[in-house]
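Asker: The lines below spell out each chain.
There are 2 protein chains.
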Amino acid sequence: MSGIPHLTVDLDAPGVSRGHLVVPGGVDRGELSLPVFSLNKGEGPRLLVTGGNHGNELEGPLVARRLIESLPETQTCGTVIVLPVLNPLAVEAWSRNTPLDGLNLNRVFPGRAGGSVTERIADAVSRVLLPMADTVFDLHSFEPTWDFPPAATTHPIADPDLMARTVRMAEAFKLPLTLVWDYNDTAGMFDIVAQNQGKVFVCTEFGGGTVGADNLAIYEAGVRNALIALGLIEGKAEYPTSRQPKSGQTLETHPHDELKSPAAGIFEPRCSVLDQVKDGDLIGILHPMDSLSAVSIDIRAHGTSIVVAIRSGAHVHANQGVALVARPPKN
Amino acid sequence: MSGIPHLTVDLDAPGVSRGHLVVPGGVDRGELSLPVFSLNKGEGPRLLVTGGNHGNELEGPLVARRLIESLPETQTCGTVIVLPVLNPLAVEAWSRNTPLDGLNLNRVFPGRAGGSVTERIADAVSRVLLPMADTVFDLHSFEPTWDFPPAATTHPIADPDLMARTVRMAEAFKLPLTLVWDYNDTAGMFDIVAQNQGKVFVCTEFGGGTVGADNLAIYEAGVRNALIALGLIEGKAEYPTSRQPKSGQTLETHPHDELKSPAAGIFEPRCSVLDQVKDGDLIGILHPMDSLSAVSIDIRAHGTSIVVAIRSGAHVHANQGVALVARPPKN
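Top line first, the protein sequences correspond to chains Z and F. First residue of the first sequence: 1, per this note's numbering; consecutive thereafter. First residue of the second sequence: 1, per this note's numbering; consecutive thereafter.
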């Protein structure tokens, strides 16, 4: 029930390779085989595309599958490795975390060889796949109870050169939003491990966590745009149409830009994502549900900003996040 | 810990009344107090509006709250009783069923006085509130993993006169879809109990089960349209705008109109709700996720129909429903 993580095929072989990344077994379960694809067309960028990091974000696996179908027709150089589902145990459960050990895969990188199954997945990806790539796209979505526009995101990176290259790569998706997300809870995230190795890492957040045909077309176009920017495929990058404006904006957000619920109750959104708000504008209303005479509480904007995420409806606890706003970068 | 269900206020008193519907305690928990509102403006229709029947469908409670705020300004006659949350235990858990007893409130009507808490809620509503109304609007939503347009729905009713009046009432919401839903699993549903007493009962299904500001405006307009049709408030009924077309259509659907997943995997929707499809058109694709060489399976339309519900993305089991189509009524 042990062993070392390995590939069942040589992903560096010329042309198409299909096989599995084998995650060794441990005390909690036997080995896992994660399907993996690569297309090596010689010199050029080395891109790793991953999906299914969180099991309730399924746009990524679907866009990854579409990529596998289209690359043999479109890729002109370099190597693209695609792992559509990083965490099949969470995907099968439609759960953010792995049910077996309760861990969030995107908080345990670079993983641990002797750890529980989530840590062993992170270890296998970090040790076997990450060294093969210079650029990583990790295809996420927002949780189902949030509204969020299709976006390419990154956390702030200390190295200014890597930061500039990462933002440029993120903007190349030409999605409605490129977001520089200053976030406190980044320990164990996939991007931090990759960036520490000098790699360009873009985390896409493809909408509100439910998969619709219209949005999937936007996501697919975004990934295609990024591959064109890398020179991996030919074509003209275009802002994906559909209901989104034919442009994109780059914004940044900080921990104090999260609006919290003032009490327990049902949150009612009063604005939509990408709405611009001024100081005092109504973002949403918190309705205590235990009494109809309890006063509903307005949640208002502090300063001019743009709503990038808004909870789409759930019973919330006091001090739970209900909206996230952002602003244009200062420089 | 027992007793009989009762109201803490006289909802028939003239003007506004606010109080609670008290659901007696039982062996599983103590009594529950459900906030309830009424506005009695004399002769006219007697309407009961309920929300929060399922705890993960929160548009209803929010629209019910808006109604409570607006009625004192707008209602001209009759009586409107509003119970925003039928099942607070499920709402607090954001769960379809009641966590305490695992029961689906909308399958245990008319309830049972000595039963578990879900059955006691149904009993209290059936015995105390239902007799006070001649018309009922129960404000539901679709589950978060489905896409569904704002719709007013009814099951087929044996009595042709009540059926005609019910469809007319449903169409008065002027939502994008009025759906006559022939459904096998109706035992214990709220509407069946109400219709057996000769009442007009409309079940609204407000979109895909996540609450957004744009859609909430449509839902609110739909309920307002229905109140205008009842003569309870004044105003001009208009098709709610936003991204939906300014019209509505009445369709019917039967158990064989549900498309099932041919295998376990991730369902990828390839069309949107209200799309018209012809025989053989692609509805979606089922992707087995255990191997990249496993063939993805196309799920295609049987005959000309209109997609009314499509799963928005989840890991599905074999034979699980992934889409529902409908057709114009034959007569």
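Wrong hints could be hidden among the right ones.
Claimed, not checked - Which residues of chain Z face chain F? A partial, calculated answer using Cβ under 8 angstroms:
#, residue
1, Arg65
2, Pro144
3, Ala172
4, His287
Just so you know, the hints here were simulated from the structure itself, not pulled from any lab data. Computed from a predicted structure; not experimentally measured. Glycine included, every Cβ here is placed at the ideal spot set by N, Cα and C.
Asker: Hint by hint, say whether it matches the structure.
Answerer: Here's how the hints hold up against the structure:
1. Of the supplied interface hints, the one on Arg65 (chain Z) holds, with its beta-carbon coming within about 6 angstroms of a beta-carbon of chain F, less than 8 angstroms.
2. Because the beta carbon of Pro144 (chain Z) sits about 5 angstroms from the nearest beta carbon in chain F, less than 8 angstroms, this interface hint is met.
3. Below 8 angstroms, beta-carbon pairs count as interface contacts, and Ala172 (chain Z) has none with chain F, the closest being about 25 angstroms; its hint is therefore violated.
4. Proximity of His287 (chain Z) to chain F holds as hinted, the smallest CB-CB distance being about 6 angstroms (cut-off 8 angstroms).
Hint violations for this structure: number 3 only, all remaining hints satisfied.
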